[in-house]
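Residue numbers (the working numbering), protein chains in the order written: chain A, 1 to 413; chain B, 1 to 413.
Keep in mind that the hints were calculated from the coordinates and are not lab data. Since the structure is predicted, the reported quantities are computational estimates derived from the model, not experimental observations. C-beta atoms are modelled at their ideal positions from N, C-alpha and C, and glycine is treated no differently. Be a bit skeptical, because a hint or two may be false.
[What the hints assert, rightly or not] Once the Cα atoms are required to be at most 25 Å apart in a straight line, the calculated DSS-like pairs of lysine-lysine come out as: (1) A/K292 with B/K81; (2) A/K81 with B/K292; (3) B/K249 with A/K81; (4) A/K292 with B/K181.
[Claimed, not checked] The following label-pair restraints were derived from C-beta to C-beta distances: (5) B/T372 with A/D374: 52 to 62 Å; (6) A/D374 with B/P346: 55 to 65 Å; (7) A/K181 with B/P367: 32 to 42 Å.
Protein chains: 2
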Amino acid sequence: MRGNVIVGQSGGPTAVINSSLVGVFKTAKDRGAAKVYGMLHGIQGLLEERYVDLSEHIRNDLDIELLKRTPSAYLGSCRYKLPGIHEQGAQAVYDKIFNILRKLEVEYFFYIGGNDSMDTIKKLYDYSLLIGSDIKFMGVPKTIDNDLAVTDHTPGYGSAAKYIGSITKEVIRDGRVYGQKQVTILEIMGRNAGWLTGAAALARGEDCEGPDMIFLPELPFDVDKFMERVDAIQKTKESVVIAVSEGIKLPDGRYVCELTDNVDSIDTFGHRQLSGTARYLANRVARELGCKTRAIEFSSLQRCASHIVSRVDITEAFQAGGAAVKAAFEGESGKMITLKRVSSDPYQCTTDIYDVHKIANIEKTVPREWITDDGTYVTPEFINYVRPLIQAELTAIMVDGLPRHLYYDNKQE
Amino acid sequence: MRGNVIVGQSGGPTAVINSSLVGVFKTAKDRGAAKVYGMLHGIQGLLEERYVDLSEHIRNDLDIELLKRTPSAYLGSCRYKLPGIHEQGAQAVYDKIFNILRKLEVEYFFYIGGNDSMDTIKKLYDYSLLIGSDIKFMGVPKTIDNDLAVTDHTPGYGSAAKYIGSITKEVIRDGRVYGQKQVTILEIMGRNAGWLTGAAALARGEDCEGPDMIFLPELPFDVDKFMERVDAIQKTKESVVIAVSEGIKLPDGRYVCELTDNVDSIDTFGHRQLSGTARYLANRVARELGCKTRAIEFSSLQRCASHIVSRVDITEAFQAGGAAVKAAFEGESGKMITLKRVSSDPYQCTTDIYDVHKIANIEKTVPREWITDDGTYVTPEFINYVRPLIQAELTAIMVDGLPRHLYYDNKQE
Numbered sequence: 001m002r003g004n005v006i007v008g009q010s011g012g013p014t015a016v017i018n019s020s021l022v023g024v025f026k027t028a029k030d031r032g033a034a035k036v037y038g039m040l041h042g043i044q045g046l047l048e049e050r051y052v053d054l055s056e057h058i059r060n061d062l063d064i065e066l067l068k069r070t071p072s073a074y075l076g077s078c079r080y081k082l083p084g085i086h087e088q089g090a091q092a093v094y095d096k097i098f099n100i101l102r103k104l105e106v107e108y109f110f111y112i113g114g115n116d117s118m119d120t121i122k123k124l125y126d127y128s129l130l131i132g133s134d135i136k137f138m139g140v141p142k143t144i145d146n147d148l149a150v151t152d153h154t155p156g157y158g159s160a161a162k163y164i165g166s167i168t169k170e171v172i173r174d175g176r177v178y179g180q181k182q183v184t185i186l187e188i189m190g191r192n193a194g195w196l197t198g199a200a201a202l203a204r205g206e207d208c209e210g211p212d213m214i215f216l217p218e219l220p221f222d223v224d225k226f227m228e229r230v231d232a233i234q235k236t237k238e239s240v241v242i243a244v245s246e247g248i249k250l251p252d253g254r255y256v257c258e259l260t261d262n263v264d265s266i267d268t269f270g271h272r273q274l275s276g277t278a279r280y281l282a283n284r285v286a287r288e289l290g291c292k293t294r295a296i297e298f299s300s301l302q303r304c305a306s307h308i309v310s311r312v313d314i315t316e317a318f319q320a321g322g323a324a325v326k327a328a329f330e331g332e333s334g335k336m337i338t339l340k341r342v343s344s345d346p347y348q349c350t351t352d353i354y355d356v357h358k359i360a361n362i363e364k365t366v367p368r369e370w371i372t373d374d375g376t377y378v379t380p381e382f383i384n385y386v387r388p389l390i391q392a393e394l395t396a397i398m399v400d401g402l403p404r405h406l407y408y409d410n411k412q413e
Numbered sequence: 001m002r003g004n005v006i007v008g009q010s011g012g013p014t015a016v017i018n019s020s021l022v023g024v025f026k027t028a029k030d031r032g033a034a035k036v037y038g039m040l041h042g043i044q045g046l047l048e049e050r051y052v053d054l055s056e057h058i059r060n061d062l063d064i065e066l067l068k069r070t071p072s073a074y075l076g077s078c079r080y081k082l083p084g085i086h087e088q089g090a091q092a093v094y095d096k097i098f099n100i101l102r103k104l105e106v107e108y109f110f111y112i113g114g115n116d117s118m119d120t121i122k123k124l125y126d127y128s129l130l131i132g133s134d135i136k137f138m139g140v141p142k143t144i145d146n147d148l149a150v151t152d153h154t155p156g157y158g159s160a161a162k163y164i165g166s167i168t169k170e171v172i173r174d175g176r177v178y179g180q181k182q183v184t185i186l187e188i189m190g191r192n193a194g195w196l197t198g199a200a201a202l203a204r205g206e207d208c209e210g211p212d213m214i215f216l217p218e219l220p221f222d223v224d225k226f227m228e229r230v231d232a233i234q235k236t237k238e239s240v241v242i243a244v245s246e247g248i249k250l251p252d253g254r255y256v257c258e259l260t261d262n263v264d265s266i267d268t269f270g271h272r273q274l275s276g277t278a279r280y281l282a283n284r285v286a287r288e289l290g291c292k293t294r295a296i297e298f299s300s301l302q303r304c305a306s307h308i309v310s311r312v313d314i315t316e317a318f319q320a321g322g323a324a325v326k327a328a329f330e331g332e333s334g335k336m337i338t339l340k341r342v343s344s345d346p347y348q349c350t351t352d353i354y355d356v357h358k359i360a361n362i363e364k365t366v367p368r369e370w371i372t373d374d375g376t377y378v379t380p381e382f383i384n385y386v387r388p389l390i391q392a393e394l395t396a397i398m399v400d401g402l403p404r405h406l407y408y409d410n411k412q413e
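Isolated chain A, as found in the complex (with noise of 0.2 Å):
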């Protein structure tokens, strides 16, 4: 028999954040930890005791795939920042939460987050070390953001990917259906790295033209140049299509959509809600082309469209899980599980793990040589490297017409 796993989640949720839970849960199970526990809302959650015994939640193998397609953190998410182990009061914080760990008998501690998250894990760990205590702390990788170093890609990103393509594609269906001069900017998540928006290339194919230009973050955004493309492409093709990242900015350092006048606020990590960018540019080539625009936000659905998740991705996200608990039961601490495209065609991807320390707060962006030169497209490069990430599908549980989710209702805590 093991000792006791806690496991929480933290950051922006995915479509596949589940699946993780899943897998650090089942895998400990089989593998023998006496209890695993979930923190609720993250390490946050953990600093007030609020936590769950899984195996009260997650009953059976019917919950386990209903969990695995449900979208959103099980367990709550959180955005909190540890203090540095060596700054001013910062004792009582790694103090009270080893103590709760100690209460808890926890040998083995999770945590499923993207680079802000793994910041946490670093800490605890190097903490852990300062103390001498044996708790081993491991990161499984996670963000639709796909911008943690070290790891091929992250789980989360390939669903996420898988919608932002589908939906490009019946954007771009959609908007030829009146035949007249129309110009859709489409507005897709990602805040410094464009693998989101990047992914919108992916609608290209036999039966679709796919967007007609693509935007990434990487690069600066000249709105002047912009408009005198859109109207160089609107005077030779109907329906236009263009995806802009929400994080494009302009040569000043400003993103486009401070332009705008939408309230916006700053979360903990120093993160700004950036939104609007695709309404000002519509609004800009109403104006300024006097033709019919489009501003379609694709929204948090990207975050967490379980309705249409990549198996590969839900795949892998449980494999992460299952790796994590793996590596720890045999020692390993102060890492993050890793995945490690071993082919690309055939597609063939397995788990490595690393130390956190290189992995913790740096963010990947897209490479500048699979941005083309003009900076207006995706290289071939791109859409090879994501293209296998989204295949196949994990079918939607639908009851009564919609698909089913396993519900943790927070107010019996």
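Based on these hints, arrange chain B on the given structure of chain A.
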């Protein structure tokens, strides 16, 4: 051998309008039509003699299955209003149409559309009586808005409702993730009729609490009262999700979205493009109640999300097309196919035919008694009406990770 058939699509697209097109095409071929022409961009394209021989494009059973699953109008659509048959200059327009039909040896004319499009069938039929033409004119109902008179519901509505119910559920899950106060406003299509917005209530069930409030365009919208209600709910609940119709109006008759500064335009039928309602309300909530807000426009996806359609809907869309052919071949003209609900539980539905004069240009809104007394939700009767229409799925044909469509390349023209 029958004479020739022509079919057109008109008005806003739906996820299943091509299923009706296939229903007309296949039934006409099966029943011996010599040729089945498709108008490109409806009556507007026909006036420019733009049409295709559909047999050259729908070549086999796989094409039929792909076309059923292809969003937007395969033949292209239009928003074109024919002049009244006695208006000045009308004769030239009608003579042109009837000459083209005569040249093509068309004996049966089918038009798939909503109440504006039924106006076209009505006028063409009336003109056929005037000139003693034998051509049969039949309407096939279509609109996501579900606002056609006489018919129990319209093909296109069930799939849009299923999409809205599904993503509302996903967004509700997503909204609970951080466990902090947040108000999400969903903006749903429907200018004057709340059928689509009401479908957000489908999300409520054993595994989801559903939206907190739903505002239909049938009732005047009081912004101050709305703010009070939101304030009251957000005091008792972390994540508040509210669905509003894009068409909600102030008591003075202005659209709520007119309080914003969005560029808008007016289409041929005098309908305004509406958007910005959710953003406006979210900004007000953020400013006045000081909580985090999100505005999510469900956007065009409501009418083109073929990746999650209702099988009931897509089957009925096909049947409506087939029934129109059968009726016309039996000599009917100036009629529209209606859907007639025989029973809700178990759900049974047949088709019927009805005088198009009593359907064209009439909008059917949600009955007052299907909206709660305080105007903030729909009643169980509403849900019982919609639920059967969203049942079961028609699996997309996935190729290389994305739904496959039947591509009509208008460069071929």
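Now for the hints, and whether the structure bears them out:
Only pairs whose Cα atoms come within 25 Å are accepted, and A/K292 paired with B/K81 is accepted, the gap being roughly 19 Å. Annotation: proposed proximity of A/K81 to B/K292 holds, straight-line Cα distance about 19 Å (limit 25 Å). Restraint check for B/K249 and A/K81: not satisfied, since their Cα atoms lie roughly 44 Å apart, outside the 25 Å limit. Restraint check for A/K292 and B/K181: the C-alpha separation of about 37 Å exceeds 25 Å, so the hint is violated.
Taken as a hint, the range 52 to 62 Å holds for the pair B/T372 and A/D374, whose Cβ atoms sit roughly 55 Å apart. Evaluation of the 55 to 65 Å hint for A/D374 and B/P346 yields a pass: the beta carbon distance comes to about 59 Å. The hint said 32 to 42 Å for the Cβ distance between A/K181 and B/P367, and at roughly 40 Å that hint holds.
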